[in-house]
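Take a look at the letters that make up each chain.
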Amino acid sequence: MNFEQLSVLRPDLAFIAHWIGNGTQVLDLGCGDGVMLDYLQSDKQCGGYGIEIDDDKIPECIQRGVSVIQRDLEAGLAIFADNAFDTVLCLSALQMMKNVEGVLRDISRVGREAIVSFPNFAYWPHRIALLRGRMPVSKSLPYEWYDTPNLRCATIKDFEELAKEVGLEVIECMALDDGQPVSFLPNWRGSLAVFRLRKRYAQQAIRL
Amino acid sequence: MNTLGIVAPQSMFFSTPLPLQSGATIADYTLVYETYGSLNADHSNAVLVCHALNASHHVAGSYSEDASTKGWWDNMIGPGKALDTNKYFVIGINNLGSCFGSTGPMHTNLATGKPYGAHFPVVTVEDWVQSQARLADALGIQQFAAVMGGSLGGMQALAWSILFPERLRHCVVIASTPKLTAQNIAFDDVARQAILTDPDYHGGDFYEHGVVPKNGLRVARMLGHITYLSDDDMAVKFGRELRSGAYQFGFGIDFEIESYLRYQGDKFSEYFDANTYLLITKALDYFDPAKDFGGDLTKTLSCTRAEFLLVSFSTDWRFAPERSHEMVQALVNNKRTVTYAEIDAPHGHDAFLLDDPRYMNVVSAYFARAYQEIDGGSLKVGASA
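Order-wise, the sequence lines are chains C and Z. With the numbering used here, you'll find the first sequence wraps up at 713, consecutive numbering, no jumps. With the numbering used here, you'll find the second sequence wraps up at 630, consecutive numbering, no jumps.
Derived from the structure by calculation, the hints contain no laboratory data. Some clues are possibly wrong.
[Stated by the list, open to error] Derived DSBU-like pairs (lysine-lysine); straight-line CA-CA distance at most 30 Å:
no., chain 1, residue 1, chain 2, residue 2
1, Z, Lys580, C, Lys562
2, C, Lys603, C, Lys669
3, Z, Lys315, Z, Lys512
4, Z, Lys482, Z, Lys315
5, C, Lys662, C, Lys603
6, Z, Lys459, Z, Lys536
7, Z, Lys580, C, Lys704
8, Z, Lys482, Z, Lys536
9, C, Lys603, C, Lys562
10, Z, Lys527, Z, Lys459
11, Z, Lys459, C, Lys603
12, Z, Lys580, C, Lys549
[To be verified] Just so you have them, the derived chain C footprint on chain Z, three or more residues with Cβ under 8 Å:
no., stretch
13, 308-317
14, 567-574
15, 581-587
Virtual Cβ for every residue (Gly too), placed ideally from N, Cα, C.
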């Protein structure tokens, strides 16, 4: 898989891929069909693993040559050593976690850097839906309130607070809409929030 | 579904003594095996399938039109199946000490002129792997595309990756474990006690008495069978169903589950050898490759070079998913290429022998991917990693 193919298939992932260095070790949490790792392995010589729970996705990952481990994210990170990865990806998966804080702490334990994305609940069409008295249903939140796998609703501002709380420092924060960065009023106009994070040094010092 | 049709076993005699882990030696021995598909020109498409406790070299195909002669993994292996014999050359080998043709306790010990009986040396998983490697040598296979097995067969695949790191590119370990738990060993010993205390066992020399310790074998099999099924599976299949609709107020068969287990036990005691049962359960109990590394599985697997596929089944309490997690963790610690599928299936340990599309799709995708290395010509057979 090359960059062109990734850009067509998943523009959001193509944007995020810029942040991942050549030859680095990557853990992709909720890796789905493995398209991101497929690209990172073939174009950027990265190594690493994907974690995925969905039975249907596992053979797809295998076909792509992605090392996938079928586990629940909330239990599955225990098998990884501290700082085992240069980058931990958690893309559009965190909002489905029961214990978001626990998963984030695990992410910061096993990775030096993390890239986390989730649907921005403060995206303007969502705000309008709420003003009209209805739960938002959009391209980024395509479910009804009663059948959504998204247990957590967060905005860009909300997430910044939790990231700090678990000892992660925000290196970059982007809002994307249709895979393109939104710089003007991001918490209004971005449907997908993307955070690039790293462990805060103070936190590392305490651990040492 | 395509089938291999009628297959036939072959055998090979080895006159070079095989030193065993116990310190004993087998002077000479015969291994019975079957092959399916054809070996390609550079001998890079061979897959060794290792068998579990009561299985054999007869992995796939049939011996006659009778469906009951089908190989034990015929649903997995054949033309167009998950392990596709149109692409791969598949080998099943009967292990030493077994009762399906390879040298075992019922065969004549040339040193005494009598059947080995209980004097057949205790063989380990590693001993089996060493003997399998000799057969591979004889067949001209320097490096397997994959070594694969379920349960005890998975232990052999794992042992291959440790003993002969360069001789397999893929290691497929299904419903297996890096060592037995105390509970596993306990079950095995109860089974052994059933056999050892059967008056017809005669210290292992029952052949010359013209009897078979059937009762011991029956109880051993009944017990084993319970551990291969899950509680839920048994509840669904049998529940508290009564054989004849009412309690009999005696010690005969009341419940369907009793009838089923007794039938399984009876059938098993007709064809399985008591000494083989003892030997194989000991091989299970002894398997613990991390023992030489202070129990550190990560260190144990640091020598491996293969890529791994591990599969476990959620309701398998004999070799639970946690045992596979231990192997995955040790492989990840070594930065090995490892894929792990945990199939949420209700059938307990037996699930590894059954058709579950999720399971079959995983294995099928894995072998399809591995074949790209062979077909794409990216391989250098025998090259060290």
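We went through each hint and held it up to the structure:
1. Z:Lys580 x C:Lys562: Since the Cα atoms of Z:Lys580 and C:Lys562 sit roughly 22 Å apart, the hinted pair holds (cutoff 30 Å).
2. C:Lys603 x C:Lys669: Judged against 30 Å, a Cα distance of about 19 Å means the pair holds.
3. Z:Lys315 x Z:Lys512: holds (16 Å)
4. Z:Lys482 x Z:Lys315: holds (24 Å)
5. C:Lys662 x C:Lys603: Measuring from Cα to Cα gives roughly 20 Å; hence the hint holds.
6. Z:Lys459 x Z:Lys536: Cα-Cα ~35 Å, so violated.
7. Z:Lys580 x C:Lys704: Holds, at about 23 Å.
8. Z:Lys482 x Z:Lys536: Not OK: Z:Lys482 and Z:Lys536 at ~40 Å, beyond 30 Å, violated.
9. C:Lys603 x C:Lys562: holds (21 Å)
10. Z:Lys527 x Z:Lys459: Holds. Z:Lys527 to Z:Lys459 sits at ~20 Å (cutoff 30 Å).
11. Z:Lys459 x C:Lys603: With Cα atoms ~54 Å apart, Z:Lys459 and C:Lys603 exceed 30 Å; violated.
12. Z:Lys580 x C:Lys549: Holds - the C-alpha atoms of C:Lys549 and Z:Lys580 are around 18 Å apart, at most 30 Å.
13. 308-317: violated (count 0)
14. 567-574: holds (count 3)
15. 581-587: holds (count 6)
Violated hints for the displayed structure, listed by number in ascending order: 6, 8, 11 and 13.
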